[in-house]
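Trainee: Starting from the known structure of chain H, arrange chains V and R on it as the hints suggest.
Sequence lines, in order, name chains H, V and R.
Going by our numbering, the first residue of the first sequence is number 1, and it counts up by one from there.
Going by our numbering, the first residue of the second sequence is number 1, and it counts up by one from there.
Going by our numbering, the first residue of the third sequence is number 1, and it counts up by one from there.
Mixed in with the good hints there might be a few duds.
[What the hints assert, rightly or not] In the BS3-like style, the derived pairs of lysine-lysine whose C-alpha atoms are separated by at most 25 Å in a straight line are:
id, chain 1, residue 1, chain 2, residue 2
1, V, K57, H, K16
2, V, K46, R, K429
3, R, K37, R, K58
4, H, K284, H, K16
5, V, K57, R, K230
6, R, K277, R, K256
7, V, K11, H, K79
8, V, K11, R, K340
9, V, K50, R, K429
10, V, K57, H, K284
11, R, K348, R, K327
12, V, K43, R, K386
13, H, K26, V, K84
14, V, K81, R, K340
Hints listed in this document are in silico derivations from the structure and should not be mistaken for laboratory results.
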Amino acid sequence: MEYDVVIGLEVHAELKTKTKVFCPCKNEFGGQPNTHCCPVCLGLPGALPTLNKEALKLAIKAGLALGCQINELSVFERKNYFYPDLPKAYQISQMVRPICLGGHLKVGEKEIPINRIHLEEDAGKLIHSSDGSVTMIDYNRGGVPLIELVTEALQEPHLESAEEAVEFLEKLRQVYIFTGVADCEIEKGQMRADVNVSIKPKGSSAFGTKVEMKNIMGFKAVYRAINYEIERQKNILSKGGVIEQETRRWDDNAQESYTMRKKENAQDYRYFPDPDLLAVEVSKTVVDEIRREIPMLPEELKEKYLSLGLSDYEASIIVKDQNLIDFFEKTLKLCSNAKAISNWLLGEISSLSKDDNMIKISPDDMAKIINLMDDGKLNRSVAKTIFTKAWNENVDVEALAKTLGGNLSETELEEMIVSIIEKNPKAVSDYQNGAEPEKLLKWFVGQVMKESRGKANAVKAEEILKEKLK
Amino acid sequence: MEKITLEEMKKLATLSALEFEEAELEAFSQEFQTILDMVDEIKLAKTENKLIYKSHKFEELREDVPEQSMPQELALINSPKTRKGAFAVSQMLEED
Amino acid sequence: MQYEKYSLLQLVDMIKTHKVTSEELTRYFVARCEEKKEYNALLEIFDDAIENAKAMDKKISEGFDGKLAGIPVIIKDNIFYEGKKCTCSSKFLENYVAQYCSTVVQKLLEAGAIIIARANMDEFAMGSSTENSAFGLTHNALDFDRVPGGSSGGSATSVALGLAPLALGTDTGGSIRQPSAYNGIVGIKPTYGRVSRFGVVAFSSSIEQVGPMTKTVADNAYALEVLAGKCTHDETSIAAPIDFLQNIEKPIKSIKIGLVNEVEAMLCGMESEKAYKSAIEVLKNKGAEFVKVSMPSFSLALPCYYIIAPAEATSNLGRFDGIKYTKRVEGADINETYSKSRSAGFGKEVKRRIMLGNFVLSSGFFDAYYIKAKAVQQALIDESKKIFSVCDAILLPTTTGTAFKLGEKKDPISMYKEDYFTIPANMMKLPAISVPHEKGENGMPLAVQIMGKEFDEKTIYQIAHAIEGGVHGI
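Isolated chain H, as found in the complex:
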């Protein structure tokens, strides 16, 4: 029997703020245990949370980058349950009115719908003692701002394979990094995913039973966990069994998952509005201001580069590297020849910066070189010489162009060409009546270059020659 697979994702990402979401302790990875803590993030009696503006702003930014609606009144609730990594026995989260609603992210040709993004606090970290006798609790991570994105698995289109799920995560990561919302370093646990999988007979409209897998670290593990789960469910169904609604834990070392919690033991989180926090009004003005800070996303940039005449290949390479994007964008502001910038960037610049990933020429100098060439004041070989000089030391590109040549003006060039034509009547008549005009044209260009000692622009010279030799 063939099955349809329905995959839903809940993705947590730690926001890149200076302080925690509800207290002014440093949001910093690592450190001695319990040294980035205060009464608030330790959950001490009497302590009260105060919401970090930057955390909410980054959550809004993430939402805007993904096409979400921003809730103009956003509410924080308490999610109540006992666990040692949760010092207050409740997590401050958002249930009824999350900061962002809706939105979508493109995976392949599919626009995967997003249900919501909400802001909440991270829990502390549990560490096992080396002798295996105790679990140690470090609250440094407690209260670090998290955004949780939930996909809309009940709508079409949805994620249907491990490949798509991983592509979604990679794209999402790119968006978060690109907008400066989160660093998403997987090994630091800055991005974590819960995955739910259900399968149903092909074409059936009724959804299958959902199985959730929590806290999977790393995209490869997500891939393996999903495929394992699809197979596990197919196996059960093919033997006439039923899928139980449950939460499972993926053990990436053992390459298998096991039951964490059955549905009948599902937690009743008793959400209610946190009486210590006020709801937050986010005006259109605030949203617009934040929107203006969002750089173009890779997909959008690529579209733009294609429209500027770059090839698909060139555009794809540039948008993958923030360094290249920055250089390209800055140079583009000073010089309109996008294709030339791309050629330099993917040619000389890429090969010179291969080892240290440092671009040692300024966009300003690059733009000058390209503009001088386009004006016919510099030929390619002199341009390269100047480029190499500019790469290695501080130089005045325009002054250098003058001394090294290539600064033959159009009038000077024209005069020179006229005089060469006058001196070579035989060649002229051969060209005009001849069997091999192309060859003779090349010969004339050669003469121009020889006479100008390389200071002429060959392309320009050819153009003028064609005109004068008619």
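Mentor: Below, chains V and R without anything else, positioned relative to chain H:
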């Protein structure tokens, strides 16, 4: 309010992370019933049942400026069990 | 000198004019605390009080003139004073040491106060008689066989006994006003948001406030000026003019006072009716005008409170789990450690309210109870707004009668009904002050309550001052 059952009381005890002897819980559920009968009075009120939130503006939120955290010793001072600068429990637990 | 006979304002003046030093005052009151130990009003007398007073005297001699410079003050034991124990009268927190200062303590210290002791209370402020303390009950200052009221019973008895001219209490449903009434002193529950809750162990976050308990209305207004203000650690605190003493001596002529029909019907035949009627006479003679008003939801405030307060308490008290602080009782697994620790740590009333809170929050009941209660609370607020469009304040009794006998109220419901007249101010988030007036047939004090508009403490102090007979307490 219908009568609250002993089963329901047990579930509440679990949610509350409290334990009771069976007899204790029975006595408790009787008191509980009288309290619930008392609070049930509000069900008669005619109200529009939606939450109204007190709010403030985005602009009024706390600025993202770090302040000094607590020294580790002070953080741990009331803890019944600590290990290497961390709070400690005797069970081996996994991240939830 | 018998310093307990003086008001807070008089003592402030005596220190300012160097008629007495902080050390002398502190020694005197600390000795008096020791002397009156049988009342069990205090859980601890701080051993650094005299030292702090000496240091304060030096500061005063150098020109320091804080509003409470050198004045001994007692705090309820749910308010954090860094480095000092804070137990909330619970076995669970028996050895808990406050790791930071509450904003109110910070403000007291900045004003120059000498905090000399922490006062007994009902465990986690849940109760109306201070009989729910894990460290023994407190006696009424005026009758050893009677309750002091609660939950701020230790603070009330302390002020009435003259153990300090000022004590702080907290009021979630009447916990400052009812014990103040029972001990014949003055206590206010300020407008919600007036005083920072940072560093005050939370019971019901959306309705509780810290407030001063004093012997006179003017003392009270003076002390609240020290405590009030927007706090950066408390989003729910609000900036509003601090002008409590401004009108206190002003005649109340033509002030409009509302009398609530539903309250008068209820009060008929109760012990407190005497104080209520007499207060109306006093105010009438001083030129106040009275308006009959209606508050149809008044009686719903009590059931509403017993939904919202336990719901918030359940969540607020989750952090007492035996892991980071409080006593741990090890179990076979982590869940057992939680339930064993919590069952050993919390007293019966606290357990009852935790269970109740979980009931009203649990799935299937949330809408019918929690959401409904919030809607009723909104209805109460709307009714109060309507009333305050035609009057400046509302006169209410504080309690149904005088302090009851220790052990008299055994079932929870009759204890809960103790707060019938005080709870509405909490639910409506309005300021309300209790001022002693008249005595019952048993010679115990009665009191009336004046409830004001949001942030209009100024007017209720003015009216309370007009009712007040003089300095109260022993």
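Trainee: Give a verdict on every hint.
Mentor: Here is how each hint holds up against the structure:
no.	hint	verdict
1	V:K57 x H:K16	holds, 22 Å
2	V:K46 x R:K429	holds, 21 Å
3	R:K37 x R:K58	violated, 30 Å
4	H:K284 x H:K16	holds, 24 Å
5	V:K57 x R:K230	holds, 16 Å
6	R:K277 x R:K256	holds, 16 Å
7	V:K11 x H:K79	holds, 18 Å
8	V:K11 x R:K340	holds, 16 Å
9	V:K50 x R:K429	holds, 19 Å
10	V:K57 x H:K284	holds, 12 Å
11	R:K348 x R:K327	holds, 17 Å
12	V:K43 x R:K386	holds, 23 Å
13	H:K26 x V:K84	holds, 21 Å
14	V:K81 x R:K340	holds, 16 Å
Hint compliance for this structure: hint 3 alone is broken.
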